[in-house]
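Asker: Line by line, the protein sequences are chains S and A. Here UniProt numbering is used: position 144 in the first sequence is 144, and no number is missing along the way. Here UniProt numbering is used: position 353 in the second sequence is 353, and no number is missing along the way.
Note that these hints are calculated values from the structure, not bench results. Don't take every hint at face value.
Copies of one chain are not kept apart here, so a pair can be met inside one copy or by any two copies together.
As the list claims (entries may be wrong) - Simulated crosslink set (SDA-like; lysine to any residue; CA at most 20 Å straight-line): (1) Lys47 with Thr75; (2) Lys225 with Asn3; (3) Lys47 with Ser72; (4) Lys221 with Asn25; (5) Lys113 with Phe143; (6) Lys225 with Pro210; (7) Lys26 with Lys221.
2 protein chains.
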Amino acid sequence: MFNYIIVGSGFAGSVIAERIANVLNKKVLVIEKRSHIGGNCYDYRNKDGIIIHKYGPHLFHTNYKEVFDYLSNFTDWRIYYHKVLAFIDGKKVPIPFNFNSMDILFPEILSKKLQEKLLKKYPYGAKVPILKLKKENDKDLKFLADFVYEKIFKNYTIKQWGKRPEEIDSEVTARVPVCIGRDDRYFDDKYQALPEEGYTKIFERMLSHPNIKLMLNTDFKEIMKVDLKGKKIYFLGQEFKGKVIFTGMIDELFAYKFGMLPYRSLDLHLEVIEKEYFQEVAVVNYPNDYDFTRITEFKHIHPIKTNRTVILKEYPKDYDPERDIPYYPFFDKAAREVYAKYQELAERFDHLILVGRLAEYRYYDMDDVIKRSLEVFEERIR
Amino acid sequence: MFNYIIVGSGFAGSVIAERIANVLNKKVLVIEKRSHIGGNCYDYRNKDGIIIHKYGPHLFHTNYKEVFDYLSNFTDWRIYYHKVLAFIDGKKVPIPFNFNSMDILFPEILSKKLQEKLLKKYPYGAKVPILKLKKENDKDLKFLADFVYEKIFKNYTIKQWGKRPEEIDSEVTARVPVCIGRDDRYFDDKYQALPEEGYTKIFERMLSHPNIKLMLNTDFKEIMKVDLKGKKIYFLGQEFKGKVIFTGMIDELFAYKFGMLPYRSLDLHLEVIEKEYFQEVAVVNYPNDYDFTRITEFKHIHPIKTNRTVILKEYPKDYDPERDIPYYPFFDKAAREVYAKYQELAERFDHLILVGRLAEYRYYDMDDVIKRSLEVFEERIR
Ligand SMILES: Cc1cc2nc3c(=O)[nH]c(=O)nc-3n(C[C@H](O)[C@H](O)[C@H](O)COP(=O)(O)OP(=O)(O)OC[C@H]3O[C@@H](n4cnc5c(N)ncnc54)[C@H](O)[C@@H]3O)c2cc1C
Ligand SMILES: Cc1cc2nc3c(=O)[nH]c(=O)nc-3n(C[C@H](O)[C@H](O)[C@H](O)COP(=O)(O)OP(=O)(O)OC[C@H]3O[C@@H](n4cnc5c(N)ncnc54)[C@H](O)[C@@H]3O)c2cc1C
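Chain S extracted, bound-state conformation (with noise of 0.2 Å):
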């Protein structure tokens, strides 16, 4: 009937059964449990006409030529270069902090020594990460790191995380630098660009072929049966001997044996308003003021001519498995270990494969889950 199970259609999910479908010309059965395919990546049109990310926003930016090719498969791309801009002292200014910042938040002369002594220390063009610059022996430096950590970055990550930061994994943190120059890109990746139509989209184009059954509003707990003692994986039933590819949770898949992976989540409050724009870039991000940490305007992202305009404000919280999203893996070595037990045991069972960001538990963007999918095709599948 089916050669191979698929449990999530989101990228994980998709990518191999996409090509388990064209490459091996095998059937494929996709189990999802939300009524729509995608994942986390969905996106839909409003009744304007605007595409908006149901999930928060997604801006797709690679180095890997491979998975910019691969995706050009099923998508025709516009280029787009993100920028954001964080409210600081009742101005925007643009992140990854640098000297146009500087510029509008300090008085000339020090903006100017400050970039002076920076330009000094650090290549023209590099990003340096925050906690670096904090450890600097020069009193500016020191007062530029202190204001980015205090001002930019620390309310941020408290109110992303719900911690102090310095409870939070060096992973995340060394994602904030400062830039020495005058790029206001959010990313430097060599592929900045957007799928023309939306990610569902291609999501759509992915998963139409005659060879793959998508099941959707489908938990696979209704119809799958992990049997822990004998390690087999049963369908409806029956034992089922072929691949079982799983992207969901992989404590979910386990029954939370070894107990609950902790994870973040989000309230996400989509606004309409009666405006044609409301802010002057897709993302201005609030470190310091009120309880969101951004506000998204997706006209920005996919432009559009309409008198009216979307936005969209995050307020993280913590995940409860009753009612919310899995967004963010909170990996401090409590859960890294505990995901280790759980990995260990995905490995006894022989025909389970576990791929994505939340099976593998990792902090990986798109195009990071794209190349791992197809990576895991060819060694494990083909």
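Please build the complex by placing chain A with the ligands on the supplied structure of chain S, with the hints as guidance.
Answerer: Then chain A with the ligands, alone, in the frame of chain S:
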């Protein structure tokens, strides 16, 4: 696992799935061979935000209060009165053909005379089928009947069905009336309105219930077997003991045992036009010119402010099972006889229920299908 299996996610399948899930609180699997829900009523927004009816224009109109009330659970409405013009002798005139149409097409004296005669014979507001008019013993009315027959009905019918008018079942020809009055509305039903956000949203709301599992991209034949001898239905290799509700083609269900039922199909040509509007109303019929029967402009159905517009031309053709969608059952006497055989066979299956335009091989409008589905649910499922 599932208590019910439904084949097809048009109105027939979706209404019954919704009822089973909400009223009976039982689990149901919906199998749909297309990559989307909604059957022929499916619509989507293009990149300008224009709602497009993928399988031809669908206008909701009904006299059944219970159907209108039921659908109101899943959508808000926008009041809309459908108007159709026919391109006749170089002019666009309202149809059903009425006094306004006569005033546009005929010299004033002729038009006045015709109107006086019609008003003497029929009550104001009446709709007189052209076949009836044709038989009147009055030179002028006969002229009118012949005119409408020749210019509006005949060639349209030949295009639409690929046959001579005489060969067409009267159920179809009776559809073309002359209206005694100046009411330009195409329908005269009590409830005429459009779902505010289109039809697909209705289906999404009907089907997004945890009891409903939705399997897209899946032909029932891929996972079900019909045992014609034993009168049993198998699902994934095992006998399925629950009820099966089938809304696809009855002849396909029974492997064309008694031959194929005839259908008429359409080639649909969508065009994007770089101006604000293309035509005056939602639908313009072309009985005598070109090869298409009509042009639909979707912006008139779901109004939106954009600089571009989208039109759809419909080219009728015979149904080829390899390539086409069976849009219209073509029921002549022979077809009805074949259908009767299938129906009799269906009745010999204990748990099989056939509902909908294809399964019952009937010219159901949306409201008919919904009414029928609600009845079938009450009488045979509840
Ligand atoms: C707020 C936010 C913003 C982001 N912004 C960016 C960005 O700008 N750029 C970027 O590159 N990346 C971004 N990402 C990351 C991106 O979303 C992920 O890389 C990508 O979605 C991972 O794909 P996936 O298939 O691994 O997981 P997902 O997209 O989460 O897909 C997993 C799928 O599995 C399904 N599933 C889970 N459990 C079950 C179950 N029990 N039964 C059946 N189905 C199940 C889920 O419903 C889901 O559809 C962002 C992430 C978030 C949360
Ligand atoms: C061009 C056109 C215009 C119309 N305009 C109007 C209008 O203006 N107003 C109005 O009220 N009505 C209109 N109708 C009628 C309306 O479309 C139908 O009443 C309605 O779609 C019937 O619903 P249904 O569920 O019976 O069938 P469908 O909508 O045809 O749904 C049947 C579903 O079953 C699926 N299916 C079929 N075979 C299989 C299989 N082997 N395996 C799995 N799935 C299968 C199909 O893919 C489809 O999704 C129009 C119809 C057409 C063709």
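Asker: Regarding Lys26 and Lys221, is the shortest C-alpha distance of 20 Å or less found within a copy, between copies, in both, or in neither?
Answerer: between (24 Å within a copy, 17 Å between copies)
Asker: Pop the pair Lys47 and Ser72 into one bin, within, between, both or neither, using alpha-carbon distances up to 20 Å.
Answerer: between (28 Å within a copy, 19 Å between copies)
Asker: Evaluate Lys47 and Thr75 at a C-alpha cut-off of 20 Å and name the case that applies: within, between, both or neither.
Answerer: Intra 23 Å, inter 14 Å, cutoff 20 Å: inter-copy only.
Asker: Measure nothing new, just compare the shortest in-copy and cross-copy C-alpha distances for Lys225 and Pro210 to 20 Å and report within, between, both or neither.
Answerer: Answer is between; shortest inter-copy Cα gap is 18 Å, intra-copy 26 Å.
Asker: Please sort Lys113 with Phe143 into within, between, both or neither, judging by C-alpha distance up to 20 Å.
Answerer: within (12 Å within a copy, 95 Å between copies)
Asker: Tell me, please, which holds for Lys225 and Asn3 at an alpha-carbon limit of 20 Å: within, between, both or neither?
Answerer: both (17 Å within a copy, 19 Å between copies)
Asker: I want to check one pair: Lys221 and Asn25. Are their C-alpha atoms no more than 20 Å apart within a copy, between two copies, both, or neither?
Answerer: For Lys221 and Asn25, the Cα distance is within 20 Å only across copies (19 Å; inside one copy 27 Å).
Violation of the numbered hints given earlier is absent; every hint is satisfied by the structure.
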